[in-house]
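Asker: Sequence:
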Amino acid sequence: MGLAMSTPVDEMDGPYKRRWAALGVLCISLLIIVMANTSLTVAAPDMVKDLGLGSSDLQWVIDGYTVPYAALMLILGAVGDKYSRRGALVLGLLVFGAASVAGSLVDSSAGVIAARAVMGIGAAMIMPATLSLLAATFPREVRAKAITIWTATAGLAIAVGPLVAGALLEDHGWASTFLINVPIAALGIIGALALVPPSKAAGVKSIDYVGGLLSVVWVGSLIYMIIEGPHFGWGAKAIAAAVIAGVGLVLFVLWELRHPHPVLDVRRFTKRAFAGSTMAVALFFLAVFGAFYYLTQHLQFVLGYSPLDTGLRMLPLAGAVFVGGALTAVLTPKVGMKVTVACGMTVGTVAIALLARVDASSTYDDFVLPLIILGLAIGLSLSPCTNAIMGSFPEDQLGVGGAVNSTSIEMGGSLGIAILGTVLAKTYSSNLGDAAAEAAAAGGPKLPEKALGVAQDSVGAGLAVAKEVGKQVAAGAAPKVGPEKAAVLGAQQAQSVVEAVHKSFADAVAHTSVVGAVVLGVGTVLVAFLLPGRKAQQAAPAPAEAGSEERVNEKV
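Mapping of the sequence shown onto the numbering used here: residues 730 to 1285, in sequence order.
Wrong hints could be hidden among the right ones.
Unchecked claim - Cross-link-like lysine-lysine pairs, in silico, DSS-like; alpha carbons within 30 Å at most:
id, residue 1, residue 2
1, Lys-811, Lys-874
2, Lys-1179, Lys-1196
3, Lys-1155, Lys-1179
4, Lys-874, Lys-778
5, Lys-966, Lys-1179
6, Lys-1063, Lys-746
7, Lys-1200, Lys-1155
8, Lys-1063, Lys-778
9, Lys-874, Lys-1063
10, Lys-778, Lys-811
11, Lys-934, Lys-1000
12, Lys-1214, Lys-1200
13, Lys-1000, Lys-874
14, Lys-1196, Lys-1155
15, Lys-1155, Lys-966
16, Lys-1196, Lys-1209
17, Lys-1175, Lys-1196
18, Lys-966, Lys-811
19, Lys-1200, Lys-1232
20, Lys-934, Lys-966
21, Lys-1000, Lys-1063
22, Lys-1209, Lys-1155
23, Lys-1175, Lys-1155
24, Lys-1232, Lys-1196
25, Lys-1063, Lys-1232
26, Lys-1175, Lys-778
27, Lys-1209, Lys-778
28, Lys-1155, Lys-1214
Everything labelled a hint here was simulated from the structure, so no lab data went into it.
Every value quoted in this text rests on a predicted model; they were computed, and no experiment measured them.
When you get a sec, could you build the whole thing from the sequences and use the hints?
Answerer: Structure below.
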């Protein structure tokens, strides 16, 4: 036996003996593509300073990764199924690592956005490959346990990303958050070749490239619209993207219904287990990513934690994900997927609802319990849904199954940041405007209109304005009262603005949490209605058997 694993799983006499080591490789590969987004939220302030990014530039530095990642997963998952799932994983890691190096070397917003887009292409190869290789390597009787570990890794990456980025930023620049991907990608490539057996679908004659292209068009346009509209206004670009997404989706569905071997059989969405699971994944990550978006800002800008301290304080969520995953392994066989998922989503709703208690006097202690409960909810909800989605596909479409699951995650996350981020921004802006008007009506100094407009843009901008206002007040008062008293007056004015910004943002977090809890609560009811009960699920035919029967009929 050479250095590279060469025997395909379907040619082995029994279950692959080193499958748990192979799972470790798949989890490492998953870790970096999730961390690539969560770590950037911590590195963003340094990038703004060094590259002079505007708000539009910064938004596309973050989301330039998301559009190709979400749009390409379905077609690249199908390509991996036909030619080589392990090949897709290795190539994806190579692309991801090379783009990370490029991202660390560029010195312009356009360069960083381009590098992030190429990283998104690599991630679109990696993500479906990790799930399809997992499903191909593990027998069905232990696959659920492996998927639980896979999903726990995704939850861990949400918290570990800011921690790793924060640690690097203590002594290094933002480029280090790109370079950290390189050794992990290299380890993943070596591990994939040495430990992950090659795998590809049997009997796939051709790929539905037209359906794949239509999926790229409608998913990419939809994600672009979700990003562009709420953040930059519903102008021509956002409206055009919405129209293209709608037309593309209709054409995609019509084409897939008529094609003999579609890239995705859309009839699967008529099955309650499949439809309910994809909806649960999307809705859950809508709430989780939205909450994560404003929690990290609150910890840094309101409570004043450094990037590293922020990452450390997100760790209770990561630990709770593993506990929730362990509970899933016990609960699901006893009470069924429907009860477990509904329970997990209900717990998640409670966690986000608890954040509605946040105010300007809240400390980190007020966030610990919601973080732990949210982590438990991730562990409880995601594993059974991912297992149900993957179990809905025959063995020759595992890459497509992984792509559907991952696209649901990405769409939900994008919607969460767009919807809850917009609610947060508008509420914060309104709150700060009201606070400034109240202060002026009470006889206090009036914040200049231009300064107020800048402060209303974001909590970070508000704190920067507070510092600048303090300097201006001190400079104006110095000739009249002397430098010492002027400095005190400036500090007092700056502090009053800081307090207004903190209170406005904390109240916005509370309001946004109410909205998030309502959305997830309504989604929980819908998912509970859609998911089949335990008896109905047990009576459903196995997709693998249906797929096998089709292949036998083709041979006959």
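Asker: Now tell me, hint by hint, if it's right for this structure.
Answerer: For each hint, the structure was consulted:
1. At most 30 Å may separate the alpha-carbon atoms for a hinted pair to count; Lys-811 and Lys-874 meet this at roughly 26 Å.
2. In summary, the hint linking Lys-1179 to Lys-1196 is supported, as the alpha carbons are separated by about 15 Å, within the 30 Å threshold.
3. Note on Lys-1155 and Lys-1179: the hinted pairing holds, with a Cα-Cα distance of about 17 Å set against a maximum of 30 Å.
4. For the given pair, Lys-874 sits about 45 Å from Lys-778 by alpha-carbon distance, which is inconsistent with the 30 Å threshold.
5. For a cut-off of 30 Å, the pair hint linking Lys-966 to Lys-1179 stands: about 28 Å separates their Cα positions.
6. Between Lys-1063 and Lys-746 the CA atoms are separated by roughly 28 Å; this keeps the pair inside 30 Å, and the hint holds.
7. Of the supplied pair hints, the one linking Lys-1200 and Lys-1155 holds, its CA atoms being roughly 28 Å apart against a limit of 30 Å.
8. For the proposed pair Lys-1063 and Lys-778, the alpha carbon gap of about 54 Å is over 30 Å, so the pair is violated.
9. The hinted pair formed by Lys-874 and Lys-1063 meets the criterion: a straight-line CA distance of about 15 Å does not exceed 30 Å.
10. Restraint check: the Cα-Cα separation between Lys-778 and Lys-811 comes to about 46 Å, which exceeds 30 Å; the hinted pair is violated.
11. Proximity of Lys-934 to Lys-1000 is assessed by CA-CA distance (about 26 Å); at most 30 Å being required, the pair is judged to hold.
12. Restraint check: the Cα-Cα separation between Lys-1214 and Lys-1200 comes to about 13 Å, which is no more than 30 Å; the hinted pair holds.
13. The hinted pair formed by Lys-1000 and Lys-874 meets the criterion: a straight-line CA distance of about 24 Å does not exceed 30 Å.
14. With a C-alpha separation of about 23 Å, the suggested pairing of Lys-1196 with Lys-1155 holds against the 30 Å cut-off.
15. For the hint linking Lys-1155 to Lys-966, the alpha-carbon distance of about 21 Å falls within 30 Å, and the restraint holds.
16. Between Lys-1196 and Lys-1209 the CA atoms are separated by roughly 21 Å; this keeps the pair inside 30 Å, and the hint holds.
17. Between Lys-1175 and Lys-1196 the alpha-carbon distance is near 15 Å, which keeps this suggested pair within the 30 Å criterion.
18. Restraint check for Lys-966 and Lys-811: not satisfied, since their Cα atoms lie roughly 36 Å apart, outside the 30 Å limit.
19. For the hint pairing Lys-1200 with Lys-1232, the CA-to-CA distance comes to about 22 Å; that is within 30 Å, so the pair holds.
20. Of the supplied pair hints, the one linking Lys-934 and Lys-966 is violated, its CA atoms being roughly 39 Å apart against a limit of 30 Å.
21. Only pairs whose Cα atoms come within 30 Å are accepted, and Lys-1000 paired with Lys-1063 is accepted, the gap being roughly 23 Å.
22. Between Lys-1209 and Lys-1155 the CA atoms are separated by roughly 39 Å; this puts the pair beyond 30 Å, and the hint is violated.
23. Under the criterion of a C-alpha separation no larger than 30 Å, the hint pairing Lys-1175 with Lys-1155 is consistent with the structure, at around 21 Å.
24. At most 30 Å may separate the alpha-carbon atoms for a hinted pair to count; Lys-1232 and Lys-1196 meet this at roughly 17 Å.
25. Restraint check for Lys-1063 and Lys-1232: the C-alpha separation of about 46 Å exceeds 30 Å, so the hint is violated.
26. Proximity of Lys-1175 to Lys-778 is assessed by CA-CA distance (about 29 Å); at most 30 Å being required, the pair is judged to hold.
27. For the hint linking Lys-1209 to Lys-778, the alpha-carbon distance of about 35 Å lies beyond 30 Å, and the restraint is violated.
28. Pair hint Lys-1155 plus Lys-1214 does not hold up; C-alpha atoms about 37 Å apart against a cutoff of 30 Å.
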